[in-house]
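*Asks:* If you read the protein sequences in the order shown, they are chains A and B. According to numbering that gives the first Met the number 0, the first sequence is numbered sequentially starting from 0. According to numbering that gives the first Met the number 0, the second sequence is numbered sequentially starting from 0.
Note that these hints are calculated values from the structure, not bench results. Fair warning: there could be bad hints in the mix.
Note: identical chains are not told apart, hence a pair may lie in one copy or across any two.
Unchecked claim - Under the rule of at most 30 Å between Cα atoms (straight-line distance), these lysine-lysine pairs were calculated in the DSS-like manner:
{"id": "1", "residue 1": "Lys-75", "residue 2": "Lys-97"}
{"id": "2", "residue 1": "Lys-268", "residue 2": "Lys-112"}
{"id": "3", "residue 1": "Lys-186", "residue 2": "Lys-268"}
{"id": "4", "residue 1": "Lys-112", "residue 2": "Lys-186"}
There are 2 protein chains.
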Amino acid sequence: MNIAIAGLGLIGGSAAKALLRAGRACDGYDLPAVLERATREGVIRAAANSFAAYDVVLIALPPDAAMRLLDEGNFKEGAVVADFCGVKGALERCVYAKPRAYRYVGCHPMAGKEVSGIENADAALFDGASIILTENERTDPEAVRLLEGLFAEMGFAAMPHCTAAYHDRKIAYTSQLAHIVSSAYVKSETADGFPGFTGGSFQDMTRIAGVDEELWTRLYLLNLPAAASELEGLIAHLQEYLSALRQADETTLRALLREGRLRKAALDKERRIL
Amino acid sequence: MNIAIAGLGLIGGSAAKALLRAGRACDGYDLPAVLERATREGVIRAAANSFAAYDVVLIALPPDAAMRLLDEGNFKEGAVVADFCGVKGALERCVYAKPRAYRYVGCHPMAGKEVSGIENADAALFDGASIILTENERTDPEAVRLLEGLFAEMGFAAMPHCTAAYHDRKIAYTSQLAHIVSSAYVKSETADGFPGFTGGSFQDMTRIAGVDEELWTRLYLLNLPAAASELEGLIAHLQEYLSALRQADETTLRALLREGRLRKAALDKERRIL
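Given only the sequences and the hints, what does the whole structure look like? Please build it.
*Replies:* Okay, structure coming up:
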């Protein structure tokens, strides 16, 4: 099985290293300097100058570049082509805009670091992590099975399947909203001089405030209604706490915090079961 | 030096264990069942039936109970009395409402767990943590030095000093706001079925959603203007992101995320320096 990885940044580079660890050498596609480094370090076998020779192509590019490649790439007939973008509906719309000779599966690895680039790529990045596979009536089950085999080799431990719409709604909440909250949280003037004044809550709340604005702006724009709706919902909930604080309404504030505690306990239970 | 600890929950129990580890046995004050357990397990030497015999009293009670004790307790003349509450202005106002024979120092250990009670007390809870000491023109420097010695023995690694007002402003942001955000965050309907759809951001954002609503309602009410003002500020920032999303305003969204990234980098730098 001939595999090419398009985009050898943190995710693509880690995918190449993880597959190499499992005994599979892949070819790579990226800018010349990255390809040179990846080849020299043995992360990839060779540069992929065309995709026509590959049975499997894993696309680890930012969403616009991924869509361009999915639209214009010269893939082998029947090739399994998967992308790793953080939004899935927009990718599907691009792929299904016309008939394709390749078999597409949208994927989203739930792993990352706060750093990027092949210099931070890590064969163990996906160990124990989850990768979401999106499916619809056009998805080829054999292509899915083939990818699941590769993902297992890469170290992934969970592979939930869902529609692109379901993925985009969930991710708008678990990831996209969290990144906006973190980004907004650091903007208080009170943040200066915080060391010594926190036991960890502040660090947790702000860990992901440093996102790459180019990539994330596109991810939000490509998942607009879901992202906006989650943010709207959170602001509405926060307004309830604010109104209780402003009125020094102890009963309401207690009820709001209690509701949060019970909800959190229910979610923790769900996590233990699944 | 005779030391009594009032309140043998997670914080008070851990303080007793940490001091014991350092070779100091303390007496304790709590409900009979807790005292019985603490004595049986050797966490304390004996029950403190009156505070009149103690050179140092550490108060690890919820804020209202702490204020009652500070107001009505029969402390030895010149005794060093410290409380560990999460708000400090309200405590100072209570203490300084009339002349006191004891020497008061407001303290706030920056350590905790998501569980409570003496059954979770841990001699190592404070190791490497920070404890804030609040000072004003009435604070006795010798009392502060004595406490700093004890806190060092307990494992604390940093002891910032500040006024109660400064403390309450900082804590409203680094801790109180974070707990409201976490509590509000879990309330989205999209939270159901999250396992497999997160790589860690969601867990960080919601770790502290399960606060004890009795204790925290009081902490918010006792720090009202600061807590409300931080929440107001965060909501205003979040509205900017929401407005950009609603208008699909890529330029503004990119600028907002970029500002967050730069702010986060500046804060990380501050953390490395301090």
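*Asks:* Could you run down the list of hints and mark each one as holding or not?
*Replies:* Now for the hints, and whether the structure bears them out:
no.: 1; hint: Lys-75 to Lys-97; in the structure: within (16 Å within a copy, 85 Å between copies)
no.: 2; hint: Lys-268 to Lys-112; in the structure: both (27 Å within a copy, 19 Å between copies)
no.: 3; hint: Lys-186 to Lys-268; in the structure: between (33 Å within a copy, 15 Å between copies)
no.: 4; hint: Lys-112 to Lys-186; in the structure: both (22 Å within a copy, 27 Å between copies)
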